[in-house]
Amino acid sequence: MRVTIVQGLEQAYYNLVHMIAEFLPRLVVMVVIILVGLLAAYLLGHMLRAVLRLTKLDRVSEDAGASRVLRMADLPSMTELLSRSIFWITWLGFILIGVSVLGVAGLQEQISRLFRFLPEVFIAMLILFLGLVLANFLSRAALLASVNAGIRSPKIWSWSIRFVIWILAISMALEELGLARQTVLAAFSIVFGASMLGLAIAFGLGGQDLARRALERYLGNSTKEKYKEPQPL
Amino acid sequence: MADETFLSDDLLRQLMSVGEVDLLVGILSHRSANTVRRAAHYVEKSLQQNFVRQRVAIISVDGGAVEDSGSEDHSGDGQPGNNSNSKGITSLRTIHRVTAAFNGAPSPGLALRTILSASDLLRARGCAVVSPATSSTSPEWVANLLRPAFRDSFDFVAPLYSRHKFQGLLARNLLYPMTRALFGRRIRELYSDEWAFSNRLGNFCLNEDVWHEEPVRSRPEAWMGISALTSDFRCCQVYLGEKPPPPDGAGPDLVEVLRQTVGSLFWLLETHQQAWLERKGSEPLPTFGPDHAVTAESMELNRARMFEMFQTGVKELGPILESILSPETLASIQGIATLDQHSFRFPSELWVTMLYEFAASYHHSVINRDHLVQALVPLYRGKIYSFLTEFSEASASDMEAVSENLCMEFERQKPYLTEKWKAGIEVKS
Numbered sequence: 048m049r050v051t052i053v054q055g056l057e058q059a060y061y062n063l064v065h066m067i068a069e070f071l072p073r074l075v076v077m078v079v080i081i082l083v084g085l086l087a088a089y090l091l092g093h094m095l096r097a098v099l100r101l102t103k104l105d106r107v108s109e110d111a112g113a114s115r116v117l118r119m120a121d122l123p124s125m126t127e128l129l130s131r132s133i134f135w136i137t138w139l140g141f142i143l144i145g146v147s148v149l150g151v152a153g154l155q156e157q158i159s160r161l162f163r164f165l166p167e168v169f170i171a172m173l174i175l176f177l178g179l180v181l182a183n184f185l186s187r188a189a190l191l192a193s194v195n196a197g198i199r200s201p202k203i204w205s206w207s208i209r210f211v212i213w214i215l216a217i218s219m220a221l222e223e224l225g226l227a228r229q230t231v232l233a234a235f236s237i238v239f240g241a242s243m244l245g246l247a248i249a250f251g252l253g254g255q256d257l258a259r260r261a262l263e264r265y266l267g268n269s270t271k272e273k274y275k276e277p278q279p280l
Numbered sequence: 037m038a039d040e041t042f043l044s045d046d047l048l049r050q051l052m053s054v055g056e057v058d059l060l061v062g063i064l065s066h067r068s069a070n071t072v073r074r075a076a077h078y079v080e081k082s083l084q085q086n087f088v089r090q091r092v093a094i095i096s097v098d099g100g101a102v103e104d105s106g107s108e109d110h111s112g113d114g115q116p117g118n119n120s121n122s123k124g125i126t127s128l129r130t131i132h133r134v135t136a137a138f139n140g141a142p143s144p145g146l147a148l149r150t151i152l153s154a155s156d157l158l159r160a161r162g163c164a165v166v167s168p169a170t171s172s173t174s175p176e177w178v179a180n181l182l183r184p185a186f187r188d189s190f191d192f193v194a195p196l197y198s199r200h201k202f203q204g205l206l207a208r209n210l211l212y213p214m215t216r217a218l219f220g221r222r223i224r225e226l227y228s229d230e231w232a233f234s235n236r237l238g239n240f241c242l243n244e245d246v247w248h249e250e251p252v253r254s255r256p257e258a259w260m261g262i263s264a265l266t267s268d269f270r271c272c273q274v275y276l277g278e279k280p281p282p283p284d285g286a287g288p289d290l291v292e293v294l295r296q297t298v299g300s301l302f303w304l305l306e307t308h309q310q311a312w313l314e315r316k317g318s319e320p321l322p323t324f325g326p327d328h329a330v331t332a333e334s335m336e337l338n339r340a341r342m343f344e345m346f347q348t349g350v351k352e353l354g355p356i357l358e359s360i361l362s363p364e365t366l367a368s369i370q371g372i373a374t375l376d377q378h379s380f381r382f383p384s385e386l387w388v389t390m391l392y393e394f395a396a397s398y399h400h401s402v403i404n405r406d407h408l409v410q411a412l413v414p415l416y417r418g419k420i421y422s423f424l425t426e427f428s429e430a431s432a433s434d435m436e437a438v439s440e441n442l443c444m445e446f447e448r449q450k451p452y453l454t455e456k457w458k459a460g461i462e463v464k465s
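Those sequence lines, one after another, are chains E and X. Under our numbering, the first residue of the first sequence is numbered 48, with each subsequent residue one higher. Under our numbering, the first residue of the second sequence is numbered 37, with each subsequent residue one higher.
One or more hints might be untrue.
As the list claims (entries may be wrong) - One-sided and incomplete, this derived list gives chain E residues near chain X with beta-carbon spacing under 10 Å:
no., residue
1, R106
2, E109
3, L190
4, N195
5, G197
6, P201
7, K202
8, A234
9, F235
10, I237
11, E276
12, P277
13, Q278
14, P279
Since the hints were made in silico from the structure, they are not lab data. Every residue, glycine too, gets a C-beta built ideally from N, C-alpha and C.
All chains should be modelled from the sequences, with the hints used to inform the complete structure.
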């Protein structure tokens, strides 16, 4: 009995020593990979920041209205955001490679799935960014056109355009990620349909006069004096 | 040399059959065939009476003008092309007519490029451009435009008109004073439908690689004028007469006019910055005839709506204006926008500062440039409302003094624009 216990303990001790002897080199390799990754990520981020500053991306972003949205969301400038993203994505990649060296059962499969998923995440982020830029550009164009045409409540038009494009971009991004496809499609249809129905009802019930005036103007029967501006040239 | 590749075979054939000429008159495209015919008639009459010995040609840039269903304009001394009805001295030579046909109305830039190419191929010494849209065009106008370019060796001839005091307010409050202060030459009507030029300037412009640029496509006359001013060509102004306003509904709306003219001016500031950044003061141009005239009949305008659109614009466009203007200027504008209609005034100092900040922001592309120019529209309405209210009873001489004071204010604040122009962009992070 005593001998059996001692032998068991000895076996466990040998196993532990053997495991540690096998694990330690892998741990060192992982730490090295993570440290190299940190350096590579830092260099990549730094290089990207320099290139983006040279190409004046912040000016383009400011022009497209994306910077304003970033400020509203308390995020840094576009250059900084992209540089930091590259830093973290690169380092995360190296960390995952390092972790996979450890050879922990089950972890390998999860990591490879995560890597396969990354391109879709990138595309979804790109769709969201382009949607954001387009929404800002078009909503600003609509706001300026409404204000200059003397249309009442110009922000309604501007926000409607922004809202529709945002919804569309978010739906497309979620579709790309493959998250709850049916739910997203149904939600989009409901939100979009409800908005259009709401507008139709609001215009039909609340905007009878507006509709009449618009038709009169279109058909040239308006009795109201037309707004006349002094000749600019 | 003219780039002949964009000229149609038919046009080249017509030009080759003409040979060489001394003078060329270009008639720009217009929607109505009758107005084109009337303009062609006046041009022909003018050439017959005033340039008897010269070889002349008329080129009509035709964008598929529509035949009017109404009565034809018979207000001339004779029908177009009917030489027998013309009175006085008539030309000793044949007047050649050339038509440059396009499918649909060509842009003003393309029309001018066609005229310049034709002028180059025909080796015309002087060339005038007239618009059928101007209802008051007369034979004398054409002759007055052509004479300085042909006989007095001027390279660019700008028109001067007699106008109502509340007509041409964009030109009076923005385009003329700003151009004068920055380019240092007092040219009143840079954005006009009629002007003339020498073959020297014509060839210079023809060889410039800017014809694809939107400001040149929409307002080629302003680009040509500024090119002449900044490249040491001889420029002058000639008084033509009264320019009546176009009928209601004719021509582009205010937003489009500002996009074309102010957008073009800001673009010209950028492309010719070496010519104006260091220049100080302004000089008058040689002028033939009176230095323009102002009439003061009453005119009905909906001022209350104009003021309302200014207030709405300042309120709704706050975030956009914030990225264009300095905080102090924006605060001042927001301050005056809260005043009531009767006490509202848009001070000249603020107007000039604001415009210079718009120009600098355009240069630095703080937002999309077309959006930037559109954001100016409500502010322009505010300035015009203030102008109309302040000077409703002013005489013609008072108006001239007001205009001169505004020009001086633009000149006084020019260093501010230079400073803003040269400063780097501040991107908020």
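Going through the hints against the structure:
For the restraint placing R106 of chain E at the interface with chain X, the shortest Cβ-Cβ distance is roughly 6 Å, inside the 10 Å limit, so the hint holds. This hint holds: E109 of chain E has a C-beta 6 Å from the nearest C-beta of chain X, less than the 10 Å allowed. The beta carbon of L190 of chain E comes within 7 Å of a beta carbon in chain X, closer than 10 Å, and the hint placing it at the interface holds. A least Cβ separation of about 5 Å between N195 of chain E and chain X falls short of the 10 Å threshold, and the interface hint therefore holds.
Among the interface hints, the one on G197 of chain E holds; its C-beta lies about 5 Å from the nearest C-beta in chain X, closer than the 10 Å criterion. Interface hint status for P201 of chain E: upheld, as the beta-carbon distance to the closest one in chain X is roughly 5 Å, under 10 Å. For K202 of chain E, the interface hint holds, the least distance from its beta-carbon to any beta-carbon of chain X being 6 Å, beneath 10 Å. Interface hint status for A234 of chain E: violated, as the beta-carbon distance to the closest one in chain X is roughly 30 Å, over 10 Å.
For F235 of chain E, the interface hint is violated, the least distance from its beta-carbon to any beta-carbon of chain X being 28 Å, above 10 Å. Below 10 Å, beta-carbon pairs count as interface contacts, and I237 of chain E has none with chain X, the closest being about 31 Å; its hint is therefore violated. With a least beta-carbon distance of about 5 Å to chain X, the hint placing E276 of chain E at the interface is held under the 10 Å criterion. Given hint, P277 of chain E at the interface with chain X, holds; its Cβ is 5 Å from that chain's nearest Cβ, closer than 10 Å.
Here the hint on Q278 of chain E is kept, as its CB sits about 5 Å from the closest CB of chain X, short of 10 Å. At a threshold of 10 Å, the smallest CB-CB gap from P279 of chain E to chain X is about 4 Å, leaving the interface hint in force.
The structure is inconsistent with the numbered hints 8, 9 and 10, although it conforms to all the rest.
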